[in-house]
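Chains as they are written, first to last, in our numbering: chain A, 1 to 161; chain B, 1 to 161; chain C, 1 to 98; chain D, 1 to 98.
Any given hint could turn out to be false.
Claimed, not checked - Using C-beta positions, here's what the derived DEER-type ranges look like: (1) A:G93 / B:R30: 46 to 56 Å; (2) B:R30 / D:P66: 17 to 27 Å; (3) B:A60 / C:P82: 54 to 64 Å; (4) D:A40 / B:P57: 25 to 35 Å; (5) B:E7 / A:G62: 45 to 55 Å.
Stated by the list, open to error - Here are a few chain C residues that sit away from chain A, every Cβ distance over 12 Å (derived from the structure): (6) L25; (7) G30; (8) V36; (9) S44; (10) T81; (11) I95.
Hint data in this document are derived by calculation from the structure and do not stem from the laboratory. Because the structure is a prediction, the values reported are computed rather than measured. Built from N, CA and C at the ideal position, the CB exists for glycine as well.
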Amino acid sequence: MPTPNPELTIAVQLLEAPFEPLELLAAWQRSLSADSRDSLGAARMAAESHFIGRVRPTTASGAPLEVLELEHYPGMSEAQLRALAEACAARHGAGAVLVAHRVGRIAPGEAIVLVAVQADRRGPALRCVQELLEDLKHHAPFWKREWSGGSGTWVAGNTPL
Amino acid sequence: MPTPNPELTIAVQLLEAPFEPLELLAAWQRSLSADSRDSLGAARMAAESHFIGRVRPTTASGAPLEVLELEHYPGMSEAQLRALAEACAARHGAGAVLVAHRVGRIAPGEAIVLVAVQADRRGPALRCVQELLEDLKHHAPFWKREWSGGSGTWVAGNTPL
Amino acid sequence: MHCPPVVAPSPDLTAAVRVRLFAALRERAGWGERLVPLEASPTSAADLWRRLALDDGPATGGRIPPSIRIAINQAFAAPGTPLRPGDEVAFLPPITGG
Amino acid sequence: MHCPPVVAPSPDLTAAVRVRLFAALRERAGWGERLVPLEASPTSAADLWRRLALDDGPATGGRIPPSIRIAINQAFAAPGTPLRPGDEVAFLPPITGG
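Chain A with its partners taken away, still in its complex shape (with noise of 0.2 Å):
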């Protein structure tokens, strides 16, 4: 097991409604300040990275998509979340890590799910959103279904990377 680190910061949000991924960035980048000016000073983390994934307009076959449906584990869905970002974070050395995923009902474009770092060196800040984004794909409670012509098909797996 990884040393916890008391300076990592952890945020998980599910998210029920639509969400707009630059603003939810900018209030965790507010949050972190404020605790920083608290311990460091001004001191910002030298390196950040994000990812944003938004719902494709066709299904798996190929077919217009009405709307992606995302079933989930309620209370296993966060803790699993939380305790996935925290053992990529203590991985790499990361500072601090945000993880927004939608669930419901969820139109074409929008965003579904968000991954953001702040990390020392850029390595680990980048490593460390790639390795989550596809921990969180393979082991979170987390389900699919795409709706297309009124009916609702399982998504039977992961999209290629």
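Given chain A's structure and the hints, the job is docking chains B, C and D onto it.
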């Protein structure tokens, strides 16, 4: 030579004054949405990744940094950033790239570089951000001088990944 | 679909576990959550899979397919882990988040 | 620092190249930009490096150190590339952007 992609949008900005990365990203997203409404309806690319680099509060030798001076080769720096962005986007099949880079005198904590990529899949978006960041650190004509205790020192090499 | 009551009234609910199904598994079974008495001891998720006939067909011989993951009290667990009264055990079809 | 005029008035400026130095190289040389007549033909960036005595000391024997990159008309080029009248040739110390 990769075939040029007529749908590829490259935006390069050299900035002499402090900038707010999230505001630049918002303006970039708006410009891409406006473009895509013309040709592809409301479709937005499914994957977007960003990197923000900020000035560290200390010099390479650990002294408090007063200001970072960034010299560049006007004309070549813009052209080179654009060429690197185009090549990286073509290698990975990305659809849109934004590179913003500060020049002149930059205070600790201020953003110095912003790279953003939209692509159809997470892999190309993540890899293109990472590669373009390395490319511009080694192949775009920028030089850092750290000012500390009233004297300036040219930085000998890039920080480790 | 209207489901019958899933568990008979029991004087000792603490000797039961809560079973949860999600997504395609939930739809195939026609239910998402049940209280199930612990009949034998020890009982595992693998035992419940057989008892509740959660298979898609007879092909897997009552064994949990490798694509199905188990969570006990909202943490991943091995299918053979003995269940304790009051546990929540969930059968998770392949995850497709992110 | 006040620099002397860098090139004598010439009836044919098109037979010159513009030489540019940056960052530590510019500071060491004490100038950043000069018009330099093309004396011999062909002349390369490597020739100009010797003629303008841009070395840090005698150790490199007048050769461009491998850490210095050349740009001709704002594109990277090999040190031996023949220069044409009107070219802009730049000597670039190790890049530290991003």
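Evaluation of the provided hints:
At about 35 Å, the beta-carbon gap between G93 (chain A) and R30 (chain B) misses the expected band of 46 to 56 Å. Distance hint check for R30 (chain B) and P66 (chain D): the Cβ-Cβ separation is about 45 Å, which falls outside the suggested range of 17 to 27 Å. The hint said 54 to 64 Å for the Cβ distance between A60 (chain B) and P82 (chain C), and at roughly 57 Å that hint holds. Between A40 (chain D) and P57 (chain B) the Cβ separation comes to about 51 Å, which falls outside the hinted range of 25 to 35 Å.
About 19 Å separates the C-beta atoms of E7 (chain B) and G62 (chain A), a value inconsistent with the hinted range of 45 to 55 Å. The beta carbon of L25 (chain C) sits about 9 Å from the closest Cβ of chain A, which is not more than 12 Å, so the claim that it is off the interface is violated. Taking the minimum C-beta to C-beta distance to chain A, about 15 Å, the non-interface status of G30 (chain C) holds against the 12 Å cut. Interface exclusion of V36 (chain C) from chain A stands, the closest Cβ pair being 18 Å apart, more than 12 Å.
Taking the minimum C-beta to C-beta distance to chain A, about 19 Å, the non-interface status of S44 (chain C) holds against the 12 Å cut. The beta carbon of T81 (chain C) sits about 16 Å from the closest Cβ of chain A, which is more than 12 Å, so the claim that it is off the interface holds. Against chain A, the non-interface label of I95 (chain C) is violated: not every CB pair exceeds 12 Å, the least being about 6 Å.
When held up to the earlier numbered hints, the structure conflicts with 1, 2, 4, 5, 6 and 11 and fits the remainder.
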